[in-house]
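K.L.:
Take a look at the letters that make up each chain.
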Amino acid sequence: MTVIILFGLVIGFMLIGVPIAVSLGLSSILFLLWFGDTSLASIAQTLMQAFVGHFTLLAIPFFILASSFMSTGGVAKRIIRFSIACVGHLQGGLAIAGVFACMIFAALSGSSPATVVAIGSIVIGAMTKAGYTKDFAAGVICNAGTLGILIPPSIVMVVYATAVDVSVGRMFLAGVIPGILAGAMLMVAIWIMARVKNMPKGQFAGMGEVWSSFREAFWGLMLIVIIMVGIYGIPGITGAIFTPTEAAAVASVYAFIAAVFIYRDMGPLKGAEGQANTPLWKKPQALVTAWFHRDTQKTLFEAGKLTITLMFVIANALILKHVLTDEQVPQHVAEAMLSAGFGPVMFLVVVNLILLIGGQFMEPSGLLVIVAPLVFPIAIELGIDPIHLGIIMVVNMEIGMITPPVGLNLFVTSGVAGMPMMRVVKAALPFLGVLFIFLIMVTYIPAISTFLPNAVMGPEIVTR
Amino acid sequence: ALADPAGCDAGEMVIKFSHVTNTDKHPKGIAAELLKTRVNEQMDGKACMEVYPNSTLYDDDKLLEAMLQGDVQLGAPSLSKFETFTKVFRIFDLPFMFKNMEAVDAFQASDNGQAMMSSMERRGLAGLGFWHNGLKQFSANKPLLEPEDAKGLKFRVQPSDVLVAQMEALGASPQKMAFSEVYGALQQGVVDGQENTWSNTLGQKYYEVQDGITETNHGVLDYMVVASVDWLDSLDEGTRDQFLEILDGVTKERNAAIAQVDADARQGVLDAGGVIRELTPEQRADWVAVMKPVWDQFTDDVGQDNIDAAQAINAQF
Amino acid sequence: MHAAPGESFVDRIEETLIAVILGAMTLITFANVVARYVFNSNILWALESTVFLFGWLVLLGASYAVKKNAHLGVDAVVDICPLPVRRVLAVIAIALCLVYACLMLKGAWDYWANFANLPQTGGRWFPLGFEDRFRSKSWYEVNDIPFPAFLGFLESAMNEGEAYEKLPRFIPYAVLPLSMALLLFRFVQVALKVWAGKLDRIVASHEVEDEIADVAERRGES
Ligand code: NA
Ligand code: NA
Numbered sequence: 001m002t003v004i005i006l007f008g009l010v011i012g013f014m015l016i017g018v019p020i021a022v023s024l025g026l027s028s029i030l031f032l033l034w035f036g037d038t039s040l041a042s043i044a045q046t047l048m049q050a051f052v053g054h055f056t057l058l059a060i061p062f063f064i065l066a067s068s069f070m071s072t073g074g075v076a077k078r079i080i081r082f083s084i085a086c087v088g089h090l091q092g093g094l095a096i097a098g099v100f101a102c103m104i105f106a107a108l109s110g111s112s113p114a115t116v117v118a119i120g121s122i123v124i125g126a127m128t129k130a131g132y133t134k135d136f137a138a139g140v141i142c143n144a145g146t147l148g149i150l151i152p153p154s155i156v157m158v159v160y161a162t163a164v165d166v167s168v169g170r171m172f173l174a175g176v177i178p179g180i181l182a183g184a185m186l187m188v189a190i191w192i193m194a195r196v197k198n199m200p201k202g203q204f205a206g207m208g209e210v211w212s213s214f215r216e217a218f219w220g221l222m223l224i225v226i227i228m229v230g231i232y233g234i235p236g237i238t239g240a241i242f243t244p245t246e247a248a249a250v251a252s253v254y255a256f257i258a259a260v261f262i263y264r265d266m267g268p269l270k271g272a273e274g275q276a277n278t279p280l281w282k283k284p285q286a287l288v289t290a291w292f293h294r295d296t297q298k299t300l301f302e303a304g305k306l307t308i309t310l311m312f313v314i315a316n317a318l319i320l321k322h323v324l325t326d327e328q329v330p331q332h333v334a335e336a337m338l339s340a341g342f343g344p345v346m347f348l349v350v351v352n353l354i355l356l357i358g359g360q361f362m363e364p365s366g367l368l369v370i371v372a373p374l375v376f377p378i379a380i381e382l383g384i385d386p387i388h389l390g391i392i393m394v395v396n397m398e399i400g401m402i403t404p405p406v407g408l409n410l411f412v413t414s415g416v417a418g419m420p421m422m423r424v425v426k427a428a429l430p431f432l433g434v435l436f437i438f439l440i441m442v443t444y445i446p447a448i449s450t451f452l453p454n455a456v457m458g459p460e461i462v463t464r
Numbered sequence: 001a002l003a004d005p006a007g008c009d010a011g012e013m014v015i016k017f018s019h020v021t022n023t024d025k026h027p028k029g030i031a032a033e034l035l036k037t038r039v040n041e042q043m044d045g046k047a048c049m050e051v052y053p054n055s056t057l058y059d060d061d062k063l064l065e066a067m068l069q070g071d072v073q074l075g076a077p078s079l080s081k082f083e084t085f086t087k088v089f090r091i092f093d094l095p096f097m098f099k100n101m102e103a104v105d106a107f108q109a110s111d112n113g114q115a116m117m118s119s120m121e122r123r124g125l126a127g128l129g130f131w132h133n134g135l136k137q138f139s140a141n142k143p144l145l146e147p148e149d150a151k152g153l154k155f156r157v158q159p160s161d162v163l164v165a166q167m168e169a170l171g172a173s174p175q176k177m178a179f180s181e182v183y184g185a186l187q188q189g190v191v192d193g194q195e196n197t198w199s200n201t202l203g204q205k206y207y208e209v210q211d212g213i214t215e216t217n218h219g220v221l222d223y224m225v226v227a228s229v230d231w232l233d234s235l236d237e238g239t240r241d242q243f244l245e246i247l248d249g250v251t252k253e254r255n256a257a258i259a260q261v262d263a264d265a266r267q268g269v270l271d272a273g274g275v276i277r278e279l280t281p282e283q284r285a286d287w288v289a290v291m292k293p294v295w296d297q298f299t300d301d302v303g304q305d306n307i308d309a310a311q312a313i314n315a316q317f
Numbered sequence: 001m002h003a004a005p006g007e008s009f010v011d012r013i014e015e016t017l018i019a020v021i022l023g024a025m026t027l028i029t030f031a032n033v034v035a036r037y038v039f040n041s042n043i044l045w046a047l048e049s050t051v052f053l054f055g056w057l058v059l060l061g062a063s064y065a066v067k068k069n070a071h072l073g074v075d076a077v078v079d080i081c082p083l084p085v086r087r088v089l090a091v092i093a094i095a096l097c098l099v100y101a102c103l104m105l106k107g108a109w110d111y112w113a114n115f116a117n118l119p120q121t122g123g124r125w126f127p128l129g130f131e132d133r134f135r136s137k138s139w140y141e142v143n144d145i146p147f148p149a150f151l152g153f154l155e156s157a158m159n160e161g162e163a164y165e166k167l168p169r170f171i172p173y174a175v176l177p178l179s180m181a182l183l184l185f186r187f188v189q190v191a192l193k194v195w196a197g198k199l200d201r202i203v204a205s206h207e208v209e210d211e212i213a214d215v216a217e218r219r220g221e222s
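Chains as they are written, first to last, in the numbering used here: chain A, 1 to 464; chain B, 1 to 317; chain C, 1 to 222.
Hints are computed from structural coordinates only; laboratory data are not their basis. One or more of the hints may lead you astray.
[What the hints assert, rightly or not] Below, simulated EDC-like cross-link-like pairs (lysine to aspartate or glutamate); rule was C-alpha separation at most 20 Å, straight line: (1) B:K46 - A:D385; (2) B:K87 - C:D144; (3) A:K298 - C:E162; (4) B:K252 - B:D161; (5) A:K134 - C:E217; (6) A:K129 - C:E217; (7) B:K87 - C:E160; (8) B:K87 - C:E155; (9) C:K166 - B:D161; (10) C:K166 - B:D300; (11) C:K166 - B:D60; (12) A:K77 - C:D144.
Please put together the full structure from these sequences, using the hints given.
P.N.:
Written as C-alpha cells, this is what we have:
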C-alpha cells in the first residue's frame, strides 16, 4: 500500500511539470521521512554513491561524447550515402536505406533520440524530395531510431547492467542479434509496403559508388570495430583490450581524432565556409590547438550537458531504488507475485505491461533503474535468464518511445520533421506493429538474446 | 532462494545487516542467514534482524560510512577494508604471514588479534568477531608454477596497498576493476589473472576462464563483523549481551565449518573441470622468497609485535 | 525558446568547467588503457578520480541545468492546460523543487560535515541548530588517490597532525553541500521568474531539444 503512495507521488509530481529527477528524489525523501528511520544524510550518500559506487555508469558520458563527436562531424551524412549506395535501388530503397543508416548509427551511438536526430534530420528531407510522403518518412525514422538502444553500445543497457549487476559486455553482445533482426524486420515490412503502394525506387549507382562511399564512411565505421574488438577481442588473434567503460572512453578519443584530423569536419583544420580543409602538414600546430579549439570545447560541453541531465535523473532514480531496498519493497513485491502463482509467462506479460505503461511517463534509463530491481529477484526465482530479461526490457523501452501519449522518439521526430505530434503518432503506427511482433518473439524465444553472449562468454552465472 | 522479509513487529529493535555476497553459498552469506534466524528466534519481541545481501543496500566502502552515520547496524567487510581505520589490518594481506587457517584462527583469538578488534573504537567502530573465508590462491591464463611465471601478467586486485606491493614484487601489474566486470575481463584477456579463495573462485566460476588455479595459500581473505560503538552503547546491557552471545555462537559454529566449506569448494572447482596445480616444497619456497620481502614495507604499519606473534603461532602448527 | 550557450560571464565559467571535467575524465580513462595495454603498467588512482570527477560534473552541472531549464520532464499535461492553470502548476512545481533542494542541502551538509570536522545539524528534516557533540571523520581517506604533498597543511589543520596517505574524503565530498546550495540558489531564481509570470514551465521535454532547435533553424533558412 505504502508503495502505491510512493509511486503515486512520483507520477503526480511529474505530471504537473516537476523535473523527473526532482520527482524521483523528492518522493523518495518524503517516503523515507514518513515511513523509514534512515537519516537524510543517507540520501546524500546515495546521491554521491550513484557516481562513485557504480563504475560501469561511467560508460554513459563517454558514449555520449563519442556520439557527439561523430554527429558534429558529418559522419551521419557519410553513413547515409553508404546506405543508399547499398540498398537505395530496391523498391522503397531510400526508406530501407534510412533504416540501414539508423542501424549503423545505432552501433556508434548509445541513444535512440540521438539516432533519430542524426539520421532523421537528413533522410526525412531527402525522402520527401524523392517523392515519399513526409508521414511515411517520419514513421520509418521514428521507428528505426529506437534501435539506438538495442544495437550496442547502449546507454539503457549500461543502466540495466548496473542496476542488476550483470556484465555490460554481456548485455552488449546480447543486443547484436535482436538489433539486426529488428532492423531486418523493419526493412522487409517497408519493402512489402513499397511493392504494394508502388513507392519510388532509386538507381543502382554501381559497385564503384558502394566502394567509394564505403571509403568515405570507413573512419566512422571503424569506431564500431574499435568498440567490438576492444571489448571482445578477435578469437585466435588478440584478446580484449579494455572493459566496456574504457571502450567508451577510447571511442571518444578516437571519434575526436577522426572528426578533427581525418574528416576535418570541425576544429582548426576545417576550411572556412565553401573552402577546402587544411591538410595537417600545412598547419602542424593543430596537433596541439585542436585539443583546446572552440569546436572541441563546444562538443565537450554539449555532451557534458546531456550527461548532466540524464545522470541527474539516474542518480535520483538510484535514490528511489535505495529507499525501496531499505524498506525491503522488492522482497514484498516478489513475495506477492510468487504467492499469486505467477508462472514465467504471466510474469513476463506483467513486466511488459509495467514497462509499457511506465514508459509513458519516464525517461527510459530512470524507469529501468526503478523497475529492474523490483522484478529481477522474481525473474531469477522463475529461472529467467538475467540477460534475456534485460533485452526484453530494452525492447519494451523501444516501444514506449514510439507509443502515444508520451514517447521520446515521437517528440524528437516531430521536432526533426517539423510535424505535429499526432501526425507522427499516426505515421509511426504501422511499424509499431512490427516492433510488437518483435517483442513477442524476443519475449518467448530466449535464444535470440542469449545465443551470442553464451557462445562467446559462456553461460551466465546467477549468484543469488 | 529469496531472502524472506523479516516483517519486524512494532517495538522490536531493528538490526540491519548489509553485506555483499549471496545468502546460501558464500561462507559470509550463510553465516549472516544463520545469525538472522537465531536473533529472530531467540530475541523475538526485543530485536529483529534484516539481512540485505548482494550489495543491494551498501557496498563495503559505503557500509562503513553508513554505520558511523547510524543508518545500518551490522556488517562484515573483508579485513582489507579496514585499512582506512587502522593499518594494523594489513597483516592479513601480507603474503605468507600465516601458515594455514588454524594459525589464522589462533592468531585472531590471541591477545594480539583481540586487540585488533578493538583498535578502531577511537574511530567509532567496534569489532565483534572474525568470520573466515579462507586462504587465497592465484589463478591466471597460463600455468603459474614459479614466481617468474607471473612476471608481466596483469592481475586484478582489491584496492589495497599491500596487494599492490605484492603484485609488484612478483613483477606483475596490479589492476583495479569493477567486480562485475572481472569474469568478462579474465575471459576476454583484459587482465590475465586474479587471486581469491576457493569459495569465491567456485562461486564466480573464475576457473572457467583461467588456465588453472595454483594452490599457493599465500594470503588470508577474512571478514570482521562490526557495529558502531554508538549503537552498541545505546543498547541496554541485557539486550547487548544476549545479542553478542548469539553472534559469538554463530561465529564459532561457522568458523569451525570453514575447513569443510573450503574443501568442498576446492572439490567443486575440480568437479566442474577446473585445473588445480599444487606446488612442490621447492616451488613454494621460491614464491615465499620473492613475496616475503613485501613485509619490510609494512612492518611499521602492522607492528613488529604482531608479526612476531603470528610467527610464533605458525610454529605451533 | 532555448537559451544560447555562453550568454554571460558566469555561463562561460560553468560551461568551460563542464567541458574541462568531461575532457579530464576521458583523458584519464584513456591514459589508463594506454598504460595497461601499451606499457603493461597501471594508473591505480585513475578509476577513483574519474568517478569523483563524474560526480562533480553532474552535481555541479545540475544547477546549471536548472538555470537553462534543461532538466528533463513531462510537459504533455502542462501543454493542454489553459494558461492560468499552467501558471498555478508551475508555482506548485517550483515550490516542490525548493522543498527538494532544501532537504537535499540538509542531507548533504549532514553527510559531509563530520568528514570535515564540522557538526551536523540537529532535527530529522528541519535543521534545529548544530549538534554540540560529534565524532569527527576527518581522518577518513579515499581508497586510491594519493595525498598530494602541497595539501600538507591539512594534516595539522584537520588530522591532528597525523599524516594522510590518501586524499581525505572531505575534499571530494565537498561537492555535495556546495552543489546542493547552488541548486537551491538556482531554484530560487527560477521561482522568482515563475512568480513574476515570466516562465510557465521548468522542464525540457527531451534530451535533444537544442539539436532539434538547430534542425528547425536550418529548415527555416533553406
Ligand atoms: Na546503440
Ligand atoms: Na510511450
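K.L.:
Now tell me if each hint is right for this structure.
P.N.:
Now the hints, each set against the structure:
1. B:K46 - A:D385: Cα-Cα ~40 Å, so violated.
2. B:K87 - C:D144: holds, 15 Å
3. A:K298 - C:E162: Violated: A:K298 and C:E162 sit about 44 Å apart, past 20 Å.
4. B:K252 - B:D161: violated, 30 Å
5. A:K134 - C:E217: The hint holds at about 18 Å.
6. A:K129 - C:E217: Roughly 19 Å between the alpha carbons, so the hint for A:K129 and C:E217 holds.
7. B:K87 - C:E160: Distance ~17 Å between B:K87 and C:E160 Cα, so the pair holds.
8. B:K87 - C:E155: Satisfied, since the Cα-Cα distance of roughly 17 Å is no more than 20 Å.
9. C:K166 - B:D161: Roughly 11 Å between the alpha carbons, so the hint for C:K166 and B:D161 holds.
10. C:K166 - B:D300: Roughly 17 Å separates the two Cα atoms, so the pair holds.
11. C:K166 - B:D60: Cα-Cα ~18 Å, so holds.
12. A:K77 - C:D144: violated, 44 Å
Consistency with the previously given hints fails for numbers 1, 3, 4, 12, ordered from lowest to highest.
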